[in-house]
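These protein sequence lines map, in sequence, to chains A, B and C. Under my numbering, the final residue of the first sequence carries the number 323; numbering is consecutive throughout. Under my numbering, the final residue of the second sequence carries the number 1403; numbering is consecutive throughout. Under my numbering, the final residue of the third sequence carries the number 2112; numbering is consecutive throughout.
It should be emphasised that the hints constitute simulated quantities derived from the structure, not laboratory data. A portion of the hints provided could be inaccurate.
[As the list claims (entries may be wrong)] SDA-like cross-link-like pairs, simulated, lysine to any residue; straight-line CA separation at most 25 Å: (1) 47/A x 2104/C; (2) 213/A x 271/A; (3) 15/A x 2033/C; (4) 1261/B x 1213/B; (5) 2027/C x 151/A; (6) 1211/B x 68/A; (7) 47/A x 2052/C; (8) 47/A x 2007/C; (9) 2029/C x 1228/B; (10) 1205/B x 2007/C; (11) 2076/C x 22/A; (12) 6/A x 2062/C; (13) 1051/B x 213/A; (14) 101/A x 1196/B; (15) 103/A x 1270/B; (16) 47/A x 2014/C; (17) 312/A x 239/A; (18) 239/A x 2014/C; (19) 47/A x 1033/B; (20) 1233/B x 2007/C; (21) 47/A x 2006/C; (22) 2029/C x 68/A; (23) 214/A x 1213/B; (24) 101/A x 1053/B; (25) 2029/C x 1229/B; (26) 1211/B x 15/A; (27) 103/A x 1261/B; (28) 47/A x 2015/C; (29) 1216/B x 2097/C; (30) 239/A x 2050/C; (31) 1383/B x 1270/B; (32) 2044/C x 19/A; (33) 2027/C x 263/A; (34) 98/A x 218/A; (35) 6/A x 2052/C.
[What the hints assert, rightly or not] If the Cβ cut is set under 7 Å, some of the chain A residues that face chain C in the computed set are: (36) 17; (37) 43; (38) 70; (39) 72; (40) 83.
Every value quoted in this text rests on a predicted model; they were computed, and no experiment measured them. Just so it is clear, CB atoms sit at the ideal spot from N, CA and C, and this is done for glycine as well.
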Amino acid sequence: MAASLKPPARGERYKSLFQIPREEWFVSGHRLCAGCPVGTTMRMLTKVIGPNAIIVNATGCLEVASTPYPYTAWRHPWLHLAFENAGAAASGVEAALKVLKAKGRLDRDIKVVAIGGDGGTVDIGLQALSGMLERGHKVMYVLYDNEAYMNTGIQRSGATPWGAWTTTTPAGKKWRGEWRPKKDIDAIVAAHRVPYVATANPAYPVDMANKFKKAFELTDEGPTFVHVLIPCVPGWRIKDDMGITVARLAVETGVWILYEIDHGEFRVTFPVKRRKPVKEYLKLQGRFRHLTEEEIQKIQEMVDRQVEEVNKLVGKEVIGPVA
Amino acid sequence: MAVAAEERLHVERKKPRPLSTNSAIAHAVKDLDVDVVAAYPITPQTTVVEKIAEFIADGELEAEMVHVESEHSALSATVAAALTGARAFTATASQGLELMHEILHIASGLRTPIVMSVAMRALSAPISIWNDHSDVMNARDSGWIIFFVSSAQEAYDTVIQGYRIAEDSDVLLPVMVAYDGYVMSHTMEPVVTEDRDSVLAYAPKRPFPYKLDPEKPVTLGALADPDWYYEIKYQIVEAMRRALDKAREADEEFGKRFGRKYGLVECYMCEGAKSLIVAASSYAATLKAVLPRAWEEGLKVGLLRLRLYRPFPEDLIVDALSNVDSVLVIDRAISYGAPYQGPLANEFSGLILKHGLGVNLVSVVAGIGQRRMVDDDFLKLAKLAWEARTVRKPETIFYGVRK
Amino acid sequence: MSSEGSLPAYYEIPPGGAIPEPGSSLKYKTGSWRVLRPVINQDKCVRCRLCWVYCPDAAILELDEEYVTSKGRRYKITYKVNYDYCKGCGVCARECPVNAIEMVPEPIGGEE
């Protein structure tokens, strides 16, 4: 087996894991929890985008864990301002690059990548994100979604799924964990008519690499968005080694559907012929431990409906029934 | 012929034209060749951004305008643009400055060289679009250099001075140029503008030294634990100290090149005065018109106009206070429940104690929400200041409130 | 105040706490977090690259080192664990499709 194959050219796709560049751009020594798939995802993202980019990071566990002064895990130029303004900060960086180039003070094309967690994106940063999308800034936005405020210690966010225990939606005598469904941020982003929206998952590295690549390249046209599901070891109450396994089960059960919306065209990038029951996904996670069989059945029905909607959208059965 | 034409042009250029303070600031932004403007409309600042938009629309200024969806994003985008190496500007007022508050500290903490104009306005609630200084006074400890200007010309000149100071590698702090909403923002005054080449020769662009650049990647905005945070914040203390000299130099040099300078504080009719009134922005301009009447009535009261507020030009103020028996400080903001309920009065009180000055202090709160203050009111304040030479007035006077 | 003297003074820190050295976290060794250590069985390893891809800490090294298995199979690359940074999460062992990685208790004292 060759050490490394040539990465795909512009407009082409990764076909093999061995096309992922060996060189690290998000390096060791960061302080993400042991087993955190954000590390996996950031390594992939930074490898795919290559050196010619500026990264803007919203406040969150990634930002904190990757830059405890005087150390930084980033080899890209990297900026963090605050929690709710990654969209605005990225807009400012992009505007500066654009005008400096126009005025002859910059001679290269530099791209901008913004990264935010679910809190920083679907909740407190939604306004700045919407502004950035609506104004058409040429920025790739990556949402790493661990489905709660993990940096502050597992409080529910708008991205927390139905039934999940968090420290602010505990399971008690009256409450049974989160009682509202997860906010559909991808539909909100897509409603801005941006060139590219995709969901990704670190258990599917080639699919994720292709989405990062496409999103990065399509910033030539406008803002792009990649939404990555990130199991959180302490927040989801899973074992250190389970992050990738749980992420994969999210796809295999239909909880997380891998798709892209490329210029308005919806496409499932990873069809699932036979779904596993959602229980397989839930039972590995302590955050769902309190659920009764009836409640699990309710989640199964929610997932069934989601799958049905996607199949209808595609016009054929791309995600099959529960085996 | 060519020489004659050039001279004519020069005279033309030096001919003042009628501009509001808001327009004068927009002209300064154009003449400074600012690269990025990110701002959100808010009364009474809005015409600053409208005028800048016109300049860009007409090709008179090549800049990117980011039509942000809030002031929080306005300042965020401005800071990010400056840290990417652009010359960036924003403008705001009142609630907008409050919404920016979080980013005010981030701008100074990251040592961002930007300039922001503030058309000062009262704060909600109740909502008021009228003028006082509550907005800027709430931002005074955010690590920004703060100027209070009192004419449209001074606003134009100070925005230009502001970039020279902010971008100085010994300073690297954001600069706020504040002026009274409506009273100044929407009032026409004669203003001389300068040509871009001269302005850029005075204030050449000096991009942020650690700008975001893939050729030389930096990490900006890292997490600082208790072993590091204090030193990084203390840098601002030292930068502020250096900014005092840099502001003085910037004003001197401006005077040499353009024939106008202001000093960091202005002392008006201080010669022989036994009492001083401290005021900023438009009140200082009004007092200049009123004080001669006071002297006619035998009240030897001078004006100490605060132009540079942060860093505080302590030595100059102590010098001015050394020759008088009393000082009356006009505050256009309320420090609710504080020993003196005017924020400036508290600072002067500390200064008097620190330097052992035998000066009686009178704290006056006035003009809140643009409550009308006319010549006679200022004359009354002059009398109060004069009386205070011999009679202590320990409580803050809420001048003009219905009790 | 305990750090006085050993850490830089305010003027020795770049303005605003800028970090001009990219990837400086390499100086911070996270290997001490580990309780279990992954050990790769080079004979069983099929060089699929998955451990290298999934490792959140870039602690699997992909080296251009030739390796010949006991059955005579020749590989041009070898995967090794960088114990300076490996936090011992075990993702590599769990995801290895041929069970070539074993998690073993970290020796007391943490010697290599």
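Now the hints, each set against the structure:
For the hint pairing residue 47/A with residue 2104/C, the CA-to-CA distance comes to about 31 Å; that exceeds 25 Å, so the pair is violated. Distance hint between residue 213/A and residue 271/A is fulfilled; the C-alpha atoms sit about 20 Å from each other, no more than 25 Å. About 35 Å separates the Cα atoms of residue 15/A and residue 2033/C, which puts this hinted pair outside 25 Å; it is violated. The straight-line distance between the Cα atoms of residue 1261/B and residue 1213/B is roughly 37 Å, outside the 25 Å bound, and the hint therefore fails.
Proximity of residue 2027/C to residue 151/A is assessed by CA-CA distance (about 24 Å); at most 25 Å being required, the pair is judged to hold. For the suggested pair residue 1211/B and residue 68/A, the alpha carbons sit about 20 Å apart, so the restraint of at most 25 Å is met. For the proposed pair residue 47/A and residue 2052/C, the alpha carbon gap of about 13 Å is at most 25 Å, so the pair holds. The hinted pair formed by residue 47/A and residue 2007/C fails the criterion: a straight-line CA distance of about 34 Å is larger than 25 Å.
For the given pair, residue 2029/C sits about 20 Å from residue 1228/B by alpha-carbon distance, which is consistent with the 25 Å threshold. Of the pairs offered as hints, the one joining residue 1205/B and residue 2007/C is violated, with about 34 Å between alpha carbons and a cut-off of 25 Å exceeded. In summary, the hint linking residue 2076/C to residue 22/A is supported, as the alpha carbons are separated by about 15 Å, within the 25 Å threshold. Taking the CA atoms of residue 6/A and residue 2062/C, the gap is about 16 Å. The hint holds against a cut of 25 Å.
Taking the CA atoms of residue 1051/B and residue 213/A, the gap is about 41 Å. The hint is violated against a cut of 25 Å. Using a Cα cut-off of 25 Å, the hinted pair residue 101/A and residue 1196/B holds, with the two alpha carbons roughly 20 Å apart. For the given pair, residue 103/A sits about 49 Å from residue 1270/B by alpha-carbon distance, which is inconsistent with the 25 Å threshold. Simply put, residue 47/A and residue 2014/C have alpha-carbon atoms about 28 Å apart, too far for the 25 Å limit, and the pair is violated.
Using a Cα cut-off of 25 Å, the hinted pair residue 312/A and residue 239/A is violated, with the two alpha carbons roughly 36 Å apart. Between the alpha carbons of residue 239/A and residue 2014/C the distance comes to roughly 40 Å, so the proposed pair goes past 25 Å and is violated. The hinted pair formed by residue 47/A and residue 1033/B fails the criterion: a straight-line CA distance of about 37 Å is larger than 25 Å. Proximity of residue 1233/B to residue 2007/C is assessed by CA-CA distance (about 15 Å); at most 25 Å being required, the pair is judged to hold.
For the proposed pair residue 47/A and residue 2006/C, the alpha carbon gap of about 36 Å is over 25 Å, so the pair is violated. Simply put, residue 2029/C and residue 68/A have alpha-carbon atoms about 13 Å apart, close enough for the 25 Å limit, and the pair holds. The suggested pairing of residue 214/A with residue 1213/B holds, with an alpha-carbon distance near 23 Å, which does not exceed 25 Å. Distance hint between residue 101/A and residue 1053/B is fulfilled; the C-alpha atoms sit about 20 Å from each other, no more than 25 Å.
For a cut-off of 25 Å, the pair hint linking residue 2029/C to residue 1229/B stands: about 22 Å separates their Cα positions. A threshold of 25 Å between alpha carbons decides the hint, and for residue 1211/B with residue 15/A the separation of about 37 Å lies outside it, so the pair is violated. Between the alpha carbons of residue 103/A and residue 1261/B the distance comes to roughly 32 Å, so the proposed pair goes past 25 Å and is violated. Restraint check for residue 47/A and residue 2015/C: the C-alpha separation of about 29 Å exceeds 25 Å, so the hint is violated.
Note on residue 1216/B and residue 2097/C: the hinted pairing is violated, with a Cα-Cα distance of about 40 Å set against a maximum of 25 Å. For the given pair, residue 239/A sits about 19 Å from residue 2050/C by alpha-carbon distance, which is consistent with the 25 Å threshold. With a CA separation close to 16 Å, the supplied pair residue 1383/B and residue 1270/B stays within the 25 Å bound. Straight-line distance between C-alpha atoms of residue 2044/C and residue 19/A comes to about 23 Å, which keeps the hinted pair within the 25 Å bound.
A C-alpha spacing of about 44 Å is found between residue 2027/C and residue 263/A, which places the hinted pair above 25 Å, so the restraint is violated. A distance of roughly 16 Å separates the Cα atoms of residue 98/A and residue 218/A; the hinted pair therefore holds under the 25 Å criterion. For a cut-off of 25 Å, the pair hint linking residue 6/A to residue 2052/C stands: about 17 Å separates their Cα positions. A least Cβ separation of about 5 Å between residue 17/A and chain C falls short of the 7 Å threshold, and the interface hint therefore holds.
Evaluation of the residue 43/A hint against chain C yields a held restraint, the C-beta minimum of about 6 Å falling below 7 Å. Hint on residue 70/A holds. Least Cβ distance to chain C is approximately 6 Å, under the 7 Å limit. The beta carbon of residue 72/A comes within 5 Å of a beta carbon in chain C, closer than 7 Å, and the hint placing it at the interface holds. Hint status for residue 83/A relative to chain C: violated, with the closest Cβ pair at about 18 Å, above 7 Å.
In summary, the structure is inconsistent with hints 1, 3, 4, 8, 10, 13, 15, 16, 17, 18, 19, 21, 26, 27, 28, 29, 33 and 40 from the numbered list given earlier, while agreeing with the others.
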